[in-house]
Amino acid sequence: MDILAIVQANVLTPIVLFFILGVIAARIKSDLRIPDAISSILPIYLLAAIGLHGGIEMRKTGFESMVIPMIAAIVLSIIMTLYHYQILRKIGKFNIFDSYALASTYGAVGAVTFSVGLSFLRSQSISSEGYLAAILAVLEPISFILSIFLVNSAAVKNIQKKREQLLSEKELQKKSSSTDILKDHPKQEVATEHKKAEHNHTFTTSKEVDELQKSVTTKSNMLEVLHETITGKAIVILLGSIVIGYVIGEHGFESIKIVFDDLFFGALVIFLLEMGVVAGQRLSDIRKVGLFLIIFALVIPTLNGTIGVVTFTYLGLSTGGAVLFGTLMASASFIAAPAIFRTAIPKANPSLYLTSALGITFPYIVIVLLPVLLILSTTLHGGTI
Amino acid sequence: MRLYNIKLLTITCEIMAQNFVKDILKKHKITGYTSYEVGGLGDRGIRGQGLPEEKNVKIEIVLTNESAEKVVEEISRTLFADYAIILYLSDVQVARPEQFT
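Chains as they are written, first to last, in the numbering used here: chain L, 1 to 385; chain G, 1001 to 1101.
Okay, chain L solo, but in the shape it has when bound (with noise of 0.2 Å):
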């Protein structure tokens, strides 16, 4: 198959005509929405789904081919969340919050991101090892994880920073008060007009000092966060089903097979379309994030999906797991961030992180990444494309 049948196999599928179907709905405002209820089950289904068949085929081969690729993902997360952080702080300018927002939104996993992946693949018939259900429950929290730790610690480390500065300027005061004693000073009203302008910096000061305790105390208690993360119902479903699909195996699964298998992809199309529409919604907001969020949503999950390809290939992964993990690698979570980061980071701005992930990187990978990481990995496999 050539490169253009690959892009035109891919672009013409269900799942991405659906997609751009959602966006025009919503363009041309349209009243065509999926009702609430089924948008809510669509994702719990999905991943029930994922793990299930992740479950079964983990059985198959077994826990010690995966150990290696699970490492080397955690480690590439973990890596992609830091170096992200850095480019966004250093040369995007945003300020911590939104800079550890979005370096987590992209080091995250997309859970929606993975199941077009898994279409994709079924679609050019190729399989993948069936462990990567687990590697994505797993890889799901880290990013999170490391974050709002990251993000946490940089706030108490400011608050000390502005209190030390605080002292140091009082006694600087009480210096400079004592000299003005010494020296007699006869002009009474300019030293109440300095005193007045202390004060009034003392205060702005410690206001600044409130505020970022505030953005520390909401939610300091990592215990909390990591719960939450962890309790959170994607990776409960998700891990969940992994192990149902590993106790039940193949012959149990005969039984639910007509609905955790071949309802998957008409599903999947039906939570498509809303994506479609709820990303067209968001499509105004894009000039709001500015040139180099843009660039950044585009350019990165390039990059990582390349950096994922290739260390899977090189780990001994087949064509389509190199594929899946280039996928995960490059996907932003803009299912699970948003509930996490509005809590756990509220100072950050979620239009951001849920413009760019939603509205910029998802139909990104799904139209064009996806077709050239599979030529990627096909070439670094030996094969012809």
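Treat the hints with care, as some may be off.
[To be verified] Cross-link-like lysine-lysine pairs, in silico, DSS-like; alpha carbons within 25 Å at most:
{"no.": "1", "chain 1": "L", "residue 1": "Lys288", "chain 2": "G", "residue 2": "Lys1026"}
{"no.": "2", "chain 1": "L", "residue 1": "Lys29", "chain 2": "G", "residue 2": "Lys1055"}
{"no.": "3", "chain 1": "L", "residue 1": "Lys288", "chain 2": "L", "residue 2": "Lys90"}
{"no.": "4", "chain 1": "L", "residue 1": "Lys347", "chain 2": "G", "residue 2": "Lys1026"}
{"no.": "5", "chain 1": "G", "residue 1": "Lys1007", "chain 2": "G", "residue 2": "Lys1022"}
{"no.": "6", "chain 1": "L", "residue 1": "Lys93", "chain 2": "L", "residue 2": "Lys162"}
{"no.": "7", "chain 1": "L", "residue 1": "Lys347", "chain 2": "L", "residue 2": "Lys157"}
{"no.": "8", "chain 1": "G", "residue 1": "Lys1022", "chain 2": "L", "residue 2": "Lys347"}
{"no.": "9", "chain 1": "L", "residue 1": "Lys93", "chain 2": "L", "residue 2": "Lys161"}
{"no.": "10", "chain 1": "L", "residue 1": "Lys233", "chain 2": "L", "residue 2": "Lys93"}
{"no.": "11", "chain 1": "L", "residue 1": "Lys170", "chain 2": "L", "residue 2": "Lys157"}
{"no.": "12", "chain 1": "L", "residue 1": "Lys347", "chain 2": "G", "residue 2": "Lys1055"}
{"no.": "13", "chain 1": "L", "residue 1": "Lys347", "chain 2": "G", "residue 2": "Lys1027"}
{"no.": "14", "chain 1": "L", "residue 1": "Lys233", "chain 2": "G", "residue 2": "Lys1058"}
{"no.": "15", "chain 1": "L", "residue 1": "Lys257", "chain 2": "L", "residue 2": "Lys60"}
{"no.": "16", "chain 1": "G", "residue 1": "Lys1070", "chain 2": "L", "residue 2": "Lys233"}
{"no.": "17", "chain 1": "L", "residue 1": "Lys162", "chain 2": "L", "residue 2": "Lys347"}
{"no.": "18", "chain 1": "G", "residue 1": "Lys1007", "chain 2": "L", "residue 2": "Lys347"}
{"no.": "19", "chain 1": "L", "residue 1": "Lys233", "chain 2": "G", "residue 2": "Lys1055"}
{"no.": "20", "chain 1": "L", "residue 1": "Lys347", "chain 2": "L", "residue 2": "Lys90"}
Source of the hints: derived by calculation from the structure; they are not laboratory data. All figures in this text were calculated on a predicted structure; none of them were measured in a lab.
For this one, chain L is given, so just place chain G on it according to the hints.
Positioned in the frame of chain L, the structure of chain G alone reads:
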């Protein structure tokens, strides 16, 4: 039937802030409230469409004036800066004032 004057505090906030609001209510020993999901239009555009995290909730609390002042003070101090919240206080009448703190 005799009715007694008391306050109704209505808080409309983004859904992600509701647990913080409820924590504050609990802290001030407010024993009851009514909450429901709502949509609307405000500073942050049309709410109630899109992702589940972008919905709004409306929380209604019947309480004494003293409690209302404390709750409003804490909400404005801790949540106004980071979350989409509006609140207003109104006079209402109830039949059983002892139910409300």
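### Query
When the hints from earlier in the document are held up against this structure, which numbers fail?
1, 10, 16, 18
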